[in-house]
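K.L.:
One letter stands for each residue in the lines below.
Protein chains: 2
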Amino acid sequence: MEWLEGGITAVPGILASGIHGGIKGNGKRDLALIYSSVPARAAAVFTTNQVKGAPVQVSMEHIKGGTAQAIVACSGCSNTCTGEQGIRDAREMTRIVADLLGIPTHHVLVASTGIIGRPLPMDRVRAALPGLVKALSPQGSRHAAEGILTTDTVSKEAALRIDVAGRPATIGGIAKGVGMIEPHMATMFCFLATDVAVSQEALQAVLKRAVDRSFNRITVDSDRSTSDTVAILANGLAENTPLDKGSRGFRSLAKGVEAITLRLARMLVKDGEGATKLVEVRLRGAKSRREAWLAARSVANSLLVKTALNGQDPNWGRIMAALGKSAATVVAERVAIWFGDEPLVAGGQLKPDARLGQIREIMARPEYAIQIDLGLGSGQDHVWTCDLSEEYVRINAKYTT
Amino acid sequence: MEWLEGGITAVPGILASGIHGGIKGNGKRDLALIYSSVPARAAAVFTTNQVKGAPVQVSMEHIKGGTAQAIVACSGCSNTCTGEQGIRDAREMTRIVADLLGIPTHHVLVASTGIIGRPLPMDRVRAALPGLVKALSPQGSRHAAEGILTTDTVSKEAALRIDVAGRPATIGGIAKGVGMIEPHMATMFCFLATDVAVSQEALQAVLKRAVDRSFNRITVDSDRSTSDTVAILANGLAENTPLDKGSRGFRSLAKGVEAITLRLARMLVKDGEGATKLVEVRLRGAKSRREAWLAARSVANSLLVKTALNGQDPNWGRIMAALGKSAATVVAERVAIWFGDEPLVAGGQLKPDARLGQIREIMARPEYAIQIDLGLGSGQDHVWTCDLSEEYVRINAKYTT
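Those protein sequence lines, which keep their order, are chains A and B. Going by the working numbering, the first residue of the first sequence is number 745, and it counts up by one from there. Going by the working numbering, the first residue of the second sequence is number 745, and it counts up by one from there.
A portion of the hints provided could be inaccurate.
All copies of an identical chain are treated as equivalent in the list; a pair is satisfied when it fits inside any one copy or across any two copies.
Calculated lysine to aspartate or glutamate pairs in the DMTMM-like style (CA-CA distance at most 25 Å, straight line) [said to hold, decoys possible]:
no., residue 1, residue 2
1, K808, D956
2, K808, E1077
3, K1014, E1135
4, K1095, E1002
5, K1014, E1134
6, K768, D1057
7, K1014, D1097
8, K1095, E836
Everything labelled a hint here was simulated from the structure, so no lab data went into it.
Let's have the full structure, built from the sequences with the hints guiding it.
P.N.:
Next comes the structure, spelled out in structure tokens:
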């Protein structure tokens, strides 16, 4: 595996574009398009929120065929809770793009992120889509990555060279999402492409596993959005023998997709609304993996823990309280906690020789891990979280106004 | 029922005191004592957090006998995650108080709130307890209420006259707790007393139900503390025929205790860390009461909803998203939402004739209700929450330092 410059257009046969189409009031890019020059195997994972945006509903329908050639996305308006009109608007976006590209409508996926409950300004979207298609370019990844941002402060791209059964292949992606972020996804997009030839079933399995190990293990604010979409297009231009589950090269693809989603997921948390730190909560010694996940999430989502991370305050009692309130079995006297590799708590109490100065130094870093051992079994898991800052509240107190 | 001035010492035979004993660095009161001149029936409810403070463990032991005559509490240090030493210190506090009052040690309950993981400064506590006992007074409620505060900005007291089977009786209480507040309690104390004569079984039933309807229905930050304690002393000085479950007068006592815990619970949310608003989330139309509770809590705990309340921003899409992510069944197209009595959402969409100006006016109030109808059944429930402000983060980012 070798990291490449660029994002989704690092993949042969993938073009992308991003322009301002008049949805955002501030003149920034708000439309993005990803296009594969040949039809591609497609797989996708969508939000588990029961309230699903209209574009999610339309994309869920289109992905059923297992083939897609384009993904059109907009930012600034999520087209959610917009009734029948919302569904019609999402469908129209796919139809216009399909017509312009000369491909079937059901080969176009659609995604929207932004404010919930407002209809799309379809006049402007209609007028802008031809320009979006015209702007498609093999260097268009950055523009597309910008076209899907909302409160994100930086665009997120990643690309990777992998070896598939002796042949070089590429995976590239873009992502967005810094609020409403929790395991099981968020107001979050990740669009991926690869030139690997792979069966649809194998592709879906690879994507599901990668999402589970990356986006489902990050949390910013424990909210889960109505619009989350992760989609991958595999256009087969690497001309490898098509991969099936378990075939030679399948593991390379799986590892590659996992690496790229993990990198993008970490970028999301790092750019979390108001976040100043990326903290990995590594939990071991739980009774089971499930309990490890529950305990790690309880710590990663505790407001009191997250504000302490922000204050760089080694307030380990809040970690103990967050563990104790979780659904995982916790025996206070067995708990041990480290910041980085520096021990702080043993037997559920402050270690008498804990070096608080060292720990404060670790907490001042932009990235570090909190290790927790429950001392009860062999279950382990991890979650990436960020701190909660006054800036988070500022950003979210007046988002629509 | 008639509300009275004062708090726990409004009850005949109940004395209280609060002094500074050197636990808090700022010279404020940090020790509190409640004393019944005669032995009282006692009932209590404690935190469900698996990590329990040493005082909770000792009080759980002492309450088993069903009789208590004193409650000693301290603030500034929760004596939690302090190992064997913590248990010894909690026991010693009860023993010293018992000796000074001339009552059995197991008739003294103990509670501590504050930073987790630091041992109590027992030298100072030992030296201060005689002064605390000496300060006991029939006007001591306010001082005791102050003695249990941590980040609270105001002390909380309430008192009520009730009629029990034709006889006047009194219930009084004090409470604290503005962070780590969630249903199933918090870093929260509520100490109640009444002169009603009542069986221990009936008293426990009354308390459990009242806590369920009050403290278990408030949320500030969805954290749950290690030290929550609600205790009631019933000293029988009203000389009514002792109440049993279902007996004449039992309902009066139950209603009175519920009224007083509800009033104190609302005071807690209103004084929630950084909170500027008290918002009741009233949820109906759920498939069951349990689902109503889940959906209401999901809304009440959503950071995005809470920041929107802070910004007085009618961002109803976040309410939809919070409903959709809950474990309750939600069908977007059935959802209706009101702020106060002003309709905003119907059929899962913005009502075309919604009066946003009116709604902003309601959101500017210090107290209001959000009504949600899921349109699926007859399950209903409610939760009190508060907004999330930058001040919350300021308070919590550096609490120990």
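K.L.:
25 Å Cα cut-off: does K1095 pair with E836 within a copy, between copies, both or neither?
P.N.:
between (63 Å within a copy, 24 Å between copies)
K.L.:
When no copy is named, should K768 and D1057 be tagged within, between, both, or neither for a Cα gap of at most 25 Å?
P.N.:
The answer is between: 19 Å across copies meets 25 Å, while 38 Å in one copy does not.
K.L.:
If the cutoff is 25 Å on CA atoms, where do K808 and E1077 land: within, between, both or neither? Let me know, please.
P.N.:
between (51 Å within a copy, 24 Å between copies)
K.L.:
If the cutoff is 25 Å on CA atoms, where do K1014 and D1097 land: within, between, both or neither? Let me know, please.
P.N.:
Intra 32 Å, inter 41 Å, cutoff 25 Å: neither.
K.L.:
Within a copy, between copies, both or neither: which one fits K1095 and E1002 at a CA-CA cutoff of 25 Å?
P.N.:
neither (37 Å within a copy, 43 Å between copies)
K.L.:
Check K808 against D956 for me: Cα-Cα at most 25 Å, and say if that holds within a copy, between copies, both or neither.
P.N.:
within (21 Å within a copy, 47 Å between copies)
K.L.:
One pair to classify: K1014 and E1134, alpha carbons no more than 25 Å apart. Within, between, both, or neither?
P.N.:
Classified as both; 16 Å inside a copy, 20 Å across copies.
K.L.:
Please sort K1014 with E1135 into within, between, both or neither, judging by C-alpha distance up to 25 Å.
P.N.:
both (14 Å within a copy, 23 Å between copies)
The structure fails hints 4 and 7 (numbered hints given earlier, in ascending order).
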